[in-house]
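Protein chains: 2
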Amino acid sequence: MTTELWLDQLQENGYRLTAARRTVVNLVAGASRALTPLEVFEKARKKNPALGLVSVYRTLEKLEELNLIQRVHQPGGCQAFIAASRGHEHLLLCKNCGEVAFFEGDDLDGLIQSISKKTGYKVSEHWLQLFGLCANCQ
Amino acid sequence: MTTELWLDQLQENGYRLTAARRTVVNLVAGASRALTPLEVFEKARKKNPALGLVSVYRTLEKLEELNLIQRVHQPGGCQAFIAASRGHEHLLLCKNCGEVAFFEGDDLDGLIQSISKKTGYKVSEHWLQLFGLCANCQ
DNA sequence: TACTTATTGAAAATGATTTTCAATTTCAAA
DNA sequence: TTTGAAATTGAAAATCATTTTCAATAAGTA
Numbered sequence: 091m092t093t094e095l096w097l098d099q100l101q102e103n104g105y106r107l108t109a110a111r112r113t114v115v116n117l118v119a120g121a122s123r124a125l126t127p128l129e130v131f132e133k134a135r136k137k138n139p140a141l142g143l144v145s146v147y148r149t150l151e152k153l154e155e156l157n158l159i160q161r162v163h164q165p166g167g168c169q170a171f172i173a174a175s176r177g178h179e180h181l182l183l184c185k186n187c188g189e190v191a192f193f194e195g196d197d198l199d200g201l202i203q204s205i206s207k208k209t210g211y212k213v214s215e216h217w218l219q220l221f222g223l224c225a226n227c228q
Numbered sequence: 091m092t093t094e095l096w097l098d099q100l101q102e103n104g105y106r107l108t109a110a111r112r113t114v115v116n117l118v119a120g121a122s123r124a125l126t127p128l129e130v131f132e133k134a135r136k137k138n139p140a141l142g143l144v145s146v147y148r149t150l151e152k153l154e155e156l157n158l159i160q161r162v163h164q165p166g167g168c169q170a171f172i173a174a175s176r177g178h179e180h181l182l183l184c185k186n187c188g189e190v191a192f193f194e195g196d197d198l199d200g201l202i203q204s205i206s207k208k209t210g211y212k213v214s215e216h217w218l219q220l221f222g223l224c225a226n227c228q
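As given, the protein sequences belong to chains A and B, one line each in that order.
The first sequence begins at 91 in my numbering and counts up one residue at a time.
The second sequence begins at 91 in my numbering and counts up one residue at a time.
Wrong hints could be hidden among the right ones.
As the list claims (entries may be wrong) - Heads up, simulated PhoX-like pairs for lysine-lysine below, C-alpha to C-alpha not over 25 Å straight-line:
(1) B:Lys208 / A:Lys208
(2) B:Lys185 / A:Lys207
(3) A:Lys185 / B:Lys137
(4) B:Lys133 / B:Lys207
(5) A:Lys133 / A:Lys208
(6) B:Lys136 / A:Lys185
(7) A:Lys212 / A:Lys185
(8) B:Lys133 / B:Lys152
(9) A:Lys152 / A:Lys137
(10) B:Lys208 / B:Lys185
(11) B:Lys137 / B:Lys152
(12) A:Lys185 / A:Lys207
(13) B:Lys133 / A:Lys185
(14) B:Lys152 / A:Lys212
Because the hints were derived from the structure by calculation, they are not lab data.
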């Protein structure tokens, strides 16, 4: 279970396990679309009404630092987070419902080499994201 | 000259040509790296000390609306703007100095088809961005 | 040149995020 | 267990970027 893994990770890195962290981790680990801090707060508060927005920010910060979640960039904003991809994976986002799928297997080596030659840049990273409609929203 | 083109575009779309707009357009049209509103403000103010930050925001808003500039997403933030690419081009950013190069010629059709089949998504857009070091910064 | 209206910069308002702080909770050590 | 130091909490205040408001000014048409 992702939730347990994340909690273990937090603990192994010297962070204490608290009710606030459990609530946030539980919610974000199970989400299939990217959530903003405020969305996490509002949803998590239903399970744990004492939860404060500040703790949501602080927990997300730690999860990001441990590479357990990643920020999702979208035309409408870049504050939302989703479980991080394992290894070299990219995101595919549904423009309607926000559902996120991961994919791998992009082979951009040829492209990157030709760009490097043309521009003189030494390329070290690439960032690829696809947008579309998920099976449900078509 | 890009500056003249942008000013023409503003005028053709019913916007007046003012000192504030000329200053901002002149600066952004000539920039080789993405600039935040505050950076534009600070640089432009040297040429036009009367310029207000609000006018920078408003001018950038109009330039974006006319597709003359585009927002650049980076790990450090997504508020910076650069001249928009013509046609289907992507960005290559220097991680050291921020210098931006455009490139085209990505052929992701094969990849996108196989992803579509695997995930059931109907893919309609893609974002590709490369990061590295420009010739000067290597 | 006159005049309507868009545009301006400054100040106030907003909204998201961060910091501060006293009270509480965690967890390791006794 | 119990204890106690240190981390964590939520609320309130502070901060920072962006947007709105507004009276004064400037653009461009008549």
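Item checked: Given pair status - lysine 152 of chain B, lysine 133 of chain B, alpha carbons within 25 Å -> holds, 19 Å
Next item on the list: Measure nothing beyond the straight line between the CA atoms of lysine 185 of chain A and lysine 207 of chain A; if it is 25 Å or shorter, mark the hint as holding.
Entry: violated, 35 Å
Notebook entry, point to check: Are the Cα atoms of lysine 133 of chain B and lysine 207 of chain B separated by 25 Å or less?
Noted result: This hinted pair is violated, its Cα atoms lying about 49 Å apart.
Check: Are the Cα positions of lysine 152 of chain A and lysine 137 of chain A separated by 25 Å at most?
Finding: holds, 21 Å
Next item on the list: For the pair supplied as a hint, lysine 212 of chain A and lysine 185 of chain A, confirm whether the alpha-carbon distance does not exceed 25 Å.
Entry: violated, 33 Å
Check: Taking 25 Å as the top limit, are the C-alpha atoms of lysine 133 of chain A and lysine 208 of chain A close enough?
Finding: Status violated; Cα separation ~49 Å.
Next item on the list: For the pair supplied as a hint, lysine 137 of chain B and lysine 152 of chain B, confirm whether the alpha-carbon distance does not exceed 25 Å.
Entry: Holds - the C-alpha atoms of lysine 152 of chain B and lysine 137 of chain B are around 21 Å apart, at most 25 Å.
Notebook entry, point to check: For the pair supplied as a hint, lysine 185 of chain A and lysine 137 of chain B, is the alpha-carbon distance within the 25 Å limit?
Noted result: violated, 42 Å
Margin query: Against the 25 Å threshold, does the CA-CA distance of lysine 208 of chain B and lysine 208 of chain A hold or violate the hint?
Written below: violated, 34 Å
Notebook entry, point to check: Given the proposed pairing of lysine 133 of chain B with lysine 185 of chain A, does the C-alpha separation stay at or below 25 Å?
Noted result: With a Cα-Cα distance of about 37 Å, the restraint between lysine 133 of chain B and lysine 185 of chain A is violated, given a limit of 25 Å.
Next item on the list: Could you grab the alpha-carbon distance between lysine 136 of chain B and lysine 185 of chain A and see if it respects the 25 Å cut-off?
Entry: violated, 42 Å
Check: Holds or violated: are the alpha carbons of lysine 208 of chain B and lysine 185 of chain B at most 25 Å from each other?
Finding: violated, 34 Å
Going through the hint list in order, the structure does not satisfy hints 1, 3, 4, 5, 6, 7, 10, 12, 13 and 14.
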